[in-house]
Amino acid sequence: MKFLSLTVAFLLVGLFASAQVLPSFQLGIKAGANFSKFDSENTFNSNNRAGFYGGLWARVGAAGIYFQPELYVSGKKADLVSESTGEVNKVRFTSLDVPLLIGTKIGAVGIGVRLNTGPMFSLILDENQSFGQAAGSVFRADFKNQALAWQFGAGLDLKKLSFDARYELGLSKINKAGYPGTKLNLFTVGLGYRIF
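Take 14 as the starting number for the sequence shown in the numbering used here and just add one per residue.
Any given hint could be a false lead.
Said to hold, decoys possible - As a list, the in silico DSS-like pairs of lysine-lysine whose alpha-carbon atoms are at most 27 Å apart:
{"#": "1", "residue 1": "Lys196", "residue 2": "Lys103"}
{"#": "2", "residue 1": "Lys172", "residue 2": "Lys157"}
{"#": "3", "residue 1": "Lys172", "residue 2": "Lys43"}
{"#": "4", "residue 1": "Lys196", "residue 2": "Lys43"}
{"#": "5", "residue 1": "Lys196", "residue 2": "Lys172"}
{"#": "6", "residue 1": "Lys50", "residue 2": "Lys173"}
{"#": "7", "residue 1": "Lys186", "residue 2": "Lys196"}
{"#": "8", "residue 1": "Lys186", "residue 2": "Lys103"}
{"#": "9", "residue 1": "Lys196", "residue 2": "Lys157"}
{"#": "10", "residue 1": "Lys103", "residue 2": "Lys172"}
{"#": "11", "residue 1": "Lys90", "residue 2": "Lys172"}
As the list claims (entries may be wrong) - Beta-carbon label-pair distances, calculated as ranges:
{"#": "12", "residue 1": "Ile119", "residue 2": "Asn141", "range": "38 to 46 Å"}
{"#": "13", "residue 1": "Val101", "residue 2": "Ile78", "range": "44 to 52 Å"}
{"#": "14", "residue 1": "Gly77", "residue 2": "Asp52", "range": "29 to 37 Å"}
{"#": "15", "residue 1": "Leu161", "residue 2": "Gly120", "range": "27 to 35 Å"}
{"#": "16", "residue 1": "Asn141", "residue 2": "Ala46", "range": "17 to 25 Å"}
{"#": "17", "residue 1": "Val101", "residue 2": "Pro36", "range": "50 to 58 Å"}
{"#": "18", "residue 1": "Val101", "residue 2": "Ala71", "range": "18 to 26 Å"}
{"#": "19", "residue 1": "Ala121", "residue 2": "Val101", "range": "20 to 28 Å"}
If you are wondering where the hints come from, they were derived from the structure by calculation, not from laboratory data. What you are looking at is a predicted structure, and each value in this text was computed from that prediction instead of being measured. Backbone N, C-alpha and C fix where the C-beta goes; we use that ideal spot for every residue, glycine too.
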């Protein structure tokens, strides 16, 4: 009986160790919602607006540390309200986003908790602006074609499914003209499926 108990204990330790130490590669798909908000310098205020994202992720790791590049299309929305005139500019972006995350995972047997962080590069594919009131061209913004941000996140893996929550802090100003110092911050939640 003692031998059987020791054998089971060694098997469990080996199972946990192999899940943490052996190199692995995973690939999956992912989709979710984002809640974006402009962070501008005093002249305008902004409210969170819901958008979407979807695409691919990969994960390469060993010894509990992993590198996770992602590629997805994201629709981001925000309302900019002029504090002086009350004019509303509804801005929508479609972008190609590339987060490059480093993280750690705690768990085994396909179940685990992840923490990750890293830079996110965004290429703006399309941008639209509309106004609640006739604001003219004075209130219109000229946005850059790319942006840089930093993501902080946590996730939960349950076999082939994964759940993620992240905060994305805008590092670069995304406007060329029209607004003072505008950055885009996001909170995202997503559901992923591991293909292999």
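(request) Report the numbers of all earlier hints that the structure fails to satisfy, in ascending order. (result) Hints 2, 5, 6, 10, 11, 18, 19 are the ones this structure does not satisfy, whereas the remaining hints hold.
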